[in-house]
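**Student:** Sequence:
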Amino acid sequence: MPQIVVLPHASLCPDGAVIEAPAGQSLCDALLENDIEIEHACEKSCACSTCHVIVREGFLSLEEPSEREEDMLDRAWGLEAESRLSCQVTLGETDLVVEIPRYTLNHASEGK
244 MPQIVVLPHA SLCPDGAVIE APAGQSLCDA LLENDIEIEH ACEKSCACST
294 CHVIVREGFL SLEEPSEREE DMLDRAWGLE AESRLSCQVT LGETDLVVEI
344 PRYTLNHASE GK
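Under our numbering, the first residue of the sequence shown carries the number 244, and numbering increases by one thereafter.
To be clear, the hints were calculated from the coordinates, so they are not data collected in a lab. Nothing here was measured: the structure is a model prediction, and the numbers come from that model. Virtual Cβ for every residue (Gly too), placed ideally from N, Cα, C. Any given hint might turn out to be false.
As the list claims (entries may be wrong) - The following label-pair restraints were derived from C-beta to C-beta distances: (1) V261 - A290: 27 to 33 Å; (2) R311 - E263: 24 to 30 Å; (3) D314 - D258: 32 to 38 Å; (4) D258 - R318: 26 to 32 Å; (5) N349 - P265: 27 to 33 Å; (6) D317 - M244: 30 to 36 Å; (7) E307 - P257: 31 to 37 Å; (8) V261 - S309: 27 to 33 Å; (9) S254 - R299: 18 to 24 Å.
Whole structure, please, built from the sequences with the hints as guidance.
**Tutor:** So, in structure tokens, the structure goes:
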């Protein structure tokens, strides 16, 4: 079972965390099941960028993002080359180190 190191985040995970999750599960679900309440405004349907994470280690082990995910990532705050939407990352057998950006952009609610 892969280990996921979550780097400290001021409000979601102040001390950081090390969690385990089964291969085949989404990174977003793994975080939520371990009480790391990452935003997921679109209910994990790849229609927003609120679950944006930066994969600091293990990025190359992940499947390529879809064109739709890349389009959503273009709207993310703090986009980096290793950015992914956690709802679209399917965990494999490789350990990951992830960072949850300080801010998120929720275009659906902020556009009202």
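**Student:** Would you mind marking each hint as holding or not holding in the structure?
**Tutor:** Now the hints, each set against the structure:
1. V261 - A290: 27 to 33 Å: With a Cβ separation near 30 Å, V261 and A290 satisfy 27 to 33 Å, so the hint holds.
2. R311 - E263: 24 to 30 Å: holds, 29 Å
3. D314 - D258: 32 to 38 Å: The hint (32 to 38 Å, Cβ to Cβ) holds, given that D314 and D258 are roughly 34 Å apart.
4. D258 - R318: 26 to 32 Å: Check passed, 30 Å falls within 26 to 32 Å.
5. N349 - P265: 27 to 33 Å: Taking Cβ atoms as reference, N349 and P265 lie about 29 Å apart, which means the hint holds.
6. D317 - M244: 30 to 36 Å: This hint holds: roughly 33 Å between Cβ atoms.
7. E307 - P257: 31 to 37 Å: Since E307 and P257 have Cβ atoms about 33 Å apart, the given range 31 to 37 Å holds.
8. V261 - S309: 27 to 33 Å: Distance hint for V261, S309 holds at roughly 29 Å.
9. S254 - R299: 18 to 24 Å: About 19 Å separates the Cβ atoms of S254 and R299, which means 18 to 24 Å holds.
In terms of the numbered hints stated before, the structure departs from none.
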